[in-house]
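Fit chain A to the known structure of chain U by using the hints.
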Amino acid sequence: MRGGTELGRVRGLGSAKAGAHHWLTHRITAASNLFLMLWFVIVIARLPAYDYGTVRPWLASAWVAVPMILLIVSVFWHFRLGLQVVIEDYVHAETRVALMFLLNFFVVATSAIAIFSILKVAFTAAAGVPA
Amino acid sequence: MTVSILHRVTGSGMATVGTLLLVWWLAAIAGGPQSYAVFHMVFAEFGKGALGYIFGVGLTLSFFQHMASGIRHFILDTGAGYELNSAKRAAMATFVFSVLATIAFWAFLLGAK
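Sequences listed follow chains U and A, in order.
The first sequence begins at 1 in the working numbering and counts up by one.
The second sequence begins at 1 in the working numbering and counts up by one.
You can take every hint at face value.
Chain U is faced by these chain A residues, among others (derived, beta-carbon under 7 Å):
1. 23
2. 29
3. 36
4. 70
5. 108
When the alpha-carbon atoms are kept at most 20 Å apart in a straight line, the in silico SDA-like pairs for lysine to any residue are as follows:
6. U/17 - U/81
7. A/88 - A/71
8. A/48 - U/50
9. A/48 - U/51
10. A/48 - A/21
11. U/120 - A/21
12. U/120 - A/27
13. U/120 - A/34
14. U/120 - A/35
15. A/48 - U/48
16. U/120 - A/23
17. U/120 - A/25
18. A/48 - U/49
19. A/88 - A/7
20. U/120 - A/33
21. U/120 - A/31
22. U/120 - A/32
23. U/120 - A/37
24. U/120 - A/24
25. A/48 - A/58
26. U/120 - U/69
27. A/48 - A/110
28. U/120 - A/22
29. A/48 - U/52
30. U/120 - A/20
For the record, the hints were derived by calculation from the structure and aren't laboratory data.
Yeah, the Cβ is synthetic: ideal placement off N, Cα and C, and Gly gets one too.
Isolated chain U (complex conformation):
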């Protein structure tokens, strides 16, 4: 390894060019989360009951299914960025790489299940399949 100061070794290499995008996307999704989560908290509180017969037709409505999908995308993207910061601050070396893999698998798998579930409920309701 060549000598010199740490600054000297990295000077001219440039940044990874992704830091500002991460920061900005985190703020943009925070703003959309604010609206989507307030909507979610209000509609959940206003549901007359939480049994299957109430919840299923409620979720099948386009007015619920579409905001729910938007909420999944916005919230899950936001926590993907947030947990990355937490991992980078507290975990180092190989464990960090492993946790980042795990985080990416987790967010992709959970969002796929969530969006598939919402679409399945919305589309099968329209087709007249018994709820």
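Same frame as chain U, but now just chain A:
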């Protein structure tokens, strides 16, 4: 300091526990009456809904706290609010808001049903 740590704790908690519960709930609805019955049993019937209240209150308190400190972050991002007194007042305000909002949410939920 405390608010900043709480922002990370509540965020990480919702991202893991909250995500799993939300996805379980959605998948249970999509899975049909029997799979929803399992979810309903665990969170609404078992121990008179003890788990539902524990996770429900925990997640709503986390959400309102994270939301309040998140809005505080937006203000700090503009470069404002770093003076000791106003920073301290805003930090206290996030606690007051999250506790009051959680009480209001559950009072409405239990009162309306």
